[in-house]
Amino acid sequence: MYQEKTNFFHQIIRIIPPMSLNEDLEKLFQTLAAIMDIRGENTFKAIAFSKVARVLSSTTADIRELVETDRLKEIEGIGPSSQKIIEDYVKTGKSSDFEEVAASVPPGLILLLGIPGLGPKTIAQCWKERNITCLEDLVKAIEQGKLAGLKGIGEKKIETIKQGIAMRESAGQRIGIVLATPVAKGLVQRLRELPLVRAAEFAGSLRRGKETIGDVDLVCAVKKESDGPKISEAFVKFPEVQRVLGQGTTKASIVTERGLQVDLRIVPEENFGATLLYFTGSKDHNVKLRGIALDKEMTLNEWGLYRLSEYDKAEKKSGAAPAARPVASKTEKEIYAALGLPYIVSELREDRGEIEAAEAGKLPKLIEQSDIRGDLHTHTNASDGQGTIEEMAQAALALGYEYLCITDHSKSSVIANGLSVERLLKHIQEIHRVSDKLKGITLLAGSEVDILVDGRLDFEDAILKELDFVVASPHVSLKQDAQKATDRILRAIENRYVNVIGHPTGRLIQKREGLPLNFSAVYKAAAQSGTALEINSSYPRLDLNDIQARGAIAAGVALTIDTDAHNTEGLADISYGIQVAKRAWVTAKDVMNTRSLAELKKWVKKKRGN
DNA sequence: GCCGTTTTCGGCCCGACTGTTTTCAGTCG
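Just so we're aligned: the first sequence equals residues 128 to 737 in our numbering.
It is possible that part of the hints are untrue.
Simulated pairs of lysine-lysine, BS3-like, Cα-Cα distance not exceeding 25 Å [said to hold, decoys possible]: (1) Lys489 x Lys423; (2) Lys211 x Lys178; (3) Lys364 x Lys312; (4) Lys312 x Lys337.
Per label pair, the in silico range of CB-to-CB distance [what the hints assert, rightly or not]: (5) Arg301 x Glu437: 34 to 42 Å; (6) Lys611 x Glu282: 56 to 64 Å; (7) Gln610 x Arg301: 26 to 34 Å; (8) Gly488 x Leu240: 36 to 44 Å.
These are calculated hints, taken from the structure and not from any lab test. As the structure is a computational prediction, the values presented were derived from the model and not from experiment. Backbone N, C-alpha and C define an ideal beta-carbon position, used for all residues, glycine too.
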């Protein structure tokens, strides 16, 4: 049933959007969904609009082009109403349909939906019966006791809302995976060491490899239900725990010293796979799986996959598995199999076509860390790194790499102690000298040459020519407009000595937007010239991101996955780049540093044209 | 609002928890 859509998706994926339009429309449809909720319209209207928002946020299709060629309606989830809104917006920069709806609800109410414990029904009630139209009104109403008397709202509810507002105001923003991953892995390790524990994993967006997360979800399996309390008891006493938020027989919730909230669920081992699947998400992925289950007259929940006929008759009590024999529940793999699907790795579970691809037997064989044969973007103490050439080489050797490219900064990066031409030429010799000395690994003499504001490079071609490999990266002037930024990167791509564009946008997660590139043009030039784009694995770069990297490979662009390591430990960050690559559907053949050294050299030579 | 190889109308994923209730509505993930 998804075949046709899948084929279409593969066709349109070749065209890439200017990000801002997609983001604008995403926000518009999110708002529309929120308004539907507050107005109390059919819930499925809101769900339909939020689905449009999500589809737009995760597509690599060029919306403008889809509008021009009248193919918008071919995207699953976009019906006539949404189509009209998108078309109007693309053509005129606004949508009268949207504005009309938006005018029906005070804009301040939409922000209230972000308060935990406060939902659309209550917000609508506050608005209609107490004339509350924004956060300030709400705070005042609570202070003056004006919420009392509303149907279904008692003292406790008001207290919940108050706490929700406070929580939102002090809300720690989302936490980077680079902080959360070690904590989660440490806790999982401790759980596994407990005598009664049969299995433990982290779930949630952390397991899906998202770049930031809200909290950490852990799932832990025990032999029998009655073991739960002991695990819960032990968990809240782990040394990382700073504060205990809640502790029950099947779940516990704590905060670590860095303010990271961790929720633990404890289930019998026969339900472990179902619970892990459920809490790994994404929600949209799970919704689709449940739909498939229903098509097969089964039902999927956090306890397992059950035949509807048996499930309906079974006795159910809260907090325990239903008294029916599941079709599958112990492992995720068994559940997917029972649904007629191959196993889908967690990084793909975003409802971005993975279920349709799985049904069609077209899931890609994703890249693994073990496919990486070398790192092509690393620094030493010659510029702003901390290790010597040899120390970096030994660390790369320990990772099993065949080659390592040393790419210290170029002369304009003064703050980073960038190399002058003279220093660079000596550095090249030194890299080759160390390489000759070492067994088991080859060092390439490279440079991370600055892409200057107008796209010129920081070294002349005559110098670049002396290098084995060139990474060109933007470091300054990262607030250019789209035209200037794109021209700048295109000019660098066209240079025959440039092999990779390093961290192409220069963004920093949660800190800096980066260059607003016209990716469609960048991909085209990169593919035609034989220039790779980098997935920079160091946090908070992760640049390209998952959507951009997926667009790149669909456009036939080669990638590299590098760490930009500034010390020996930094080389291990490759795992984060691999996660981004997996989320981008990247296979080993899409990535240049999975190739042998000979192939890599051949590729460099080809672009140089000699 | 969106969708369709049993449907162009009538469905649309599921359970836990909380608070306000006396059988349920709202919120959340």
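Verification of the hints:
Among the hinted pairs, Lys489 with Lys423 is consistent with the structure: their alpha-carbon atoms are about 21 Å apart, no more than 25 Å. Between the alpha carbons of Lys211 and Lys178 the distance comes to roughly 16 Å, so the proposed pair stays at or under 25 Å and holds. The hinted pair formed by Lys364 and Lys312 meets the criterion: a straight-line CA distance of about 17 Å does not exceed 25 Å. Simply put, Lys312 and Lys337 have alpha-carbon atoms about 16 Å apart, close enough for the 25 Å limit, and the pair holds.
Range check, Arg301 to Glu437: about 41 Å between beta-carbon atoms, so the 34 to 42 Å window is met. Remark: the range hint 56 to 64 Å for Lys611 to Glu282 is upheld by a beta-carbon distance near 58 Å. A hinted range of 26 to 34 Å holds for the C-beta pair Gln610 and Arg301, which are about 32 Å apart. Our hint of 36 to 44 Å for Gly488 and Leu240 holds, since their Cβ atoms are close to 40 Å apart.
Taken one by one, the earlier hints all hold for this structure without exception.
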